[in-house]
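Those protein sequences? They're chains A and B, same order as listed.
Read in order, the letters of the first sequence are residues 251 to 530 in the numbering used here.
Read in order, the letters of the second sequence are residues 251 to 530 in the numbering used here.
By construction, these hints were calculated from the structure, which means they are not laboratory data.
Heads up, some of the hints might be wrong.
25 Å max Cα-Cα, derived BS3-like pairs, lysine-lysine [said to hold, decoys possible]:
#1 B:Lys331 <-> A:Lys374
#2 B:Lys415 <-> B:Lys346
#3 A:Lys331 <-> B:Lys374
#4 B:Lys503 <-> B:Lys331
#5 B:Lys415 <-> B:Lys374
#6 B:Lys346 <-> B:Lys420
2 protein chains.
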Amino acid sequence: MIEVPVSDKKCDAVVAYQGVPGSFSFEAAENYFVGSAELVSFQSFALAMTSVVDQEAAYGVFPVENSSTGTISEVYDLLLKERSLSICGELTLPIKHCLLALPGADLAMLREVRSHPQGLLQCKEYLMSHNLRGIPGMNTAICAAEIAQLGDLSIGAVASRAAAKAYGLKVLAQDINDITHNATRFIIVSATPGPGGKKTSVVFHLSHQPGSLYNSLGCFAARGVDLLRIESRPLRERPFEYSFIVDVAGDAKNQPLAAALDDLSSHVSYVRILGSYDPI
Amino acid sequence: MIEVPVSDKKCDAVVAYQGVPGSFSFEAAENYFVGSAELVSFQSFALAMTSVVDQEAAYGVFPVENSSTGTISEVYDLLLKERSLSICGELTLPIKHCLLALPGADLAMLREVRSHPQGLLQCKEYLMSHNLRGIPGMNTAICAAEIAQLGDLSIGAVASRAAAKAYGLKVLAQDINDITHNATRFIIVSATPGPGGKKTSVVFHLSHQPGSLYNSLGCFAARGVDLLRIESRPLRERPFEYSFIVDVAGDAKNQPLAAALDDLSSHVSYVRILGSYDPI
Chain A
251 MIEVPVSDKK CDAVVAYQGV PGSFSFEAAE NYFVGSAELV SFQSFALAMT SVVDQEAAYG
311 VFPVENSSTG TISEVYDLLL KERSLSICGE LTLPIKHCLL ALPGADLAML REVRSHPQGL
371 LQCKEYLMSH NLRGIPGMNT AICAAEIAQL GDLSIGAVAS RAAAKAYGLK VLAQDINDIT
431 HNATRFIIVS ATPGPGGKKT SVVFHLSHQP GSLYNSLGCF AARGVDLLRI ESRPLRERPF
491 EYSFIVDVAG DAKNQPLAAA LDDLSSHVSY VRILGSYDPI
Chain B
251 MIEVPVSDKK CDAVVAYQGV PGSFSFEAAE NYFVGSAELV SFQSFALAMT SVVDQEAAYG
311 VFPVENSSTG TISEVYDLLL KERSLSICGE LTLPIKHCLL ALPGADLAML REVRSHPQGL
371 LQCKEYLMSH NLRGIPGMNT AICAAEIAQL GDLSIGAVAS RAAAKAYGLK VLAQDINDIT
431 HNATRFIIVS ATPGPGGKKT SVVFHLSHQP GSLYNSLGCF AARGVDLLRI ESRPLRERPF
491 EYSFIVDVAG DAKNQPLAAA LDDLSSHVSY VRILGSYDPI
């Protein structure tokens, strides 16, 4: 688990996330904003994002990419719509599933284990080898909350360590994922731009013609700016244009990136700097 | 729904997919291979892919990208490992959720509706407005199979039209998704290269240094080859190299793409043509 001290300002802030206490977004928010941040849960990414736009929350924590399931497009789509927001931080959280049960339970008592289908699939080998029947639920943390409320010593949940803490459950086993390299990248967004950092995310639109991406990437290459990630997305409302989300090394305020972005703006039909920040 | 006539050879083939009859992968396979293809279900993407490698199945149908949830990285990871396979086709399937129930049921009788959590979330407004309680299940098609077996007129499922057909259920309402623009792109893979087509997928590895992507894309740009999609992926086992999956216009056997790919091979540490095919 990555724990990172942050500024006092951040510690007292209201932080929005999608899900319930004990979800992986909650865990990411708790790890990023150590201290006394007030974590506020929302039912959807859209509602959590709106609370940041309206400045009811100072920050929002959103998953954007999982190492096995890929990019979470919905979060990027929402962020691209909300032009007042910027990315001010990033945290990569290892997804470590735990087997949780009531405080009085032990492994021999368990018969049934609840989790999101994805959680059950990711721990299939462990559950099979311990003869535990998987029962699907809405999400990992909701399942943890449910078993805490049911009070049945034979029913467990597959969820995070944070869920155990949130609902007073016991961790019977940890890291029970079949695949160990499972991590989710979260971005921290705010209506107030952050202090900057060594990584910058940029979105730009290009008309769909041969060489247009090549020419725009030339703005970075010519200045030795390192490209960390690129993803293209078709623009639903404009069929002949493409949107690119690019992560590059450096702060948008500093050279050589500042000049590269300036140059880029003359090559593309739309450009927006999503933010400069330090990934942790 | 897109229905496409294909060759006789394809119609008689064994086709592997992940999931159960009535799942969206099943529906994609059924739509692509109209006729008498034998669709064989597998519990995981890995097992389905292995059956194509071993040529027990002539084709495999795999989801690679959903318009709201993004890229399905696991499928690309498996495909990149299996060097004997190539992409020979592509189908984009609109994801249309239906409300299914037993033949004797009507909307007024329903109290409870089962589906994968994602299916319940995507139809939340419809379910709420009809006072239907959502109960999570492992996947949409398994829920349809369950309610067919239960025989309770008050229990329905959110699943595909193909699931209704597979389990003898009635479609009480169709297109009940809150978001209507929901589609999944599937690739068709085979151990036998396909006849080619107007789109080509290529994967290549680059050392992590400024300008390396720019230089490699120059191979396409210089020849007017249109870039349709690009995605970067970190190489887990080689921390300073990146993998890029690129879709370009044209057939790898024809000019100008053949020359561009030849040129590309001298700019990169690894290149593999995944296949040329016609998207439908």
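Hint-by-hint comparison with the structure:
Note on B:Lys331 and A:Lys374: the hinted pairing holds, with a Cα-Cα distance of about 22 Å set against a maximum of 25 Å. The hinted pair formed by B:Lys415 and B:Lys346 meets the criterion: a straight-line CA distance of about 14 Å does not exceed 25 Å. The straight-line distance between the Cα atoms of A:Lys331 and B:Lys374 is roughly 22 Å, inside the 25 Å bound, and the hint therefore holds. Under the criterion of a C-alpha separation no larger than 25 Å, the hint pairing B:Lys503 with B:Lys331 is consistent with the structure, at around 23 Å.
Taking the CA atoms of B:Lys415 and B:Lys374, the gap is near 24 Å; set against the 25 Å cutoff, the hint holds. At roughly 15 Å between alpha-carbon atoms, B:Lys346 and B:Lys420 fall within 25 Å of each other, so this suggested pair holds.
Against the hints set out earlier in the document, no violation occurs for any number.
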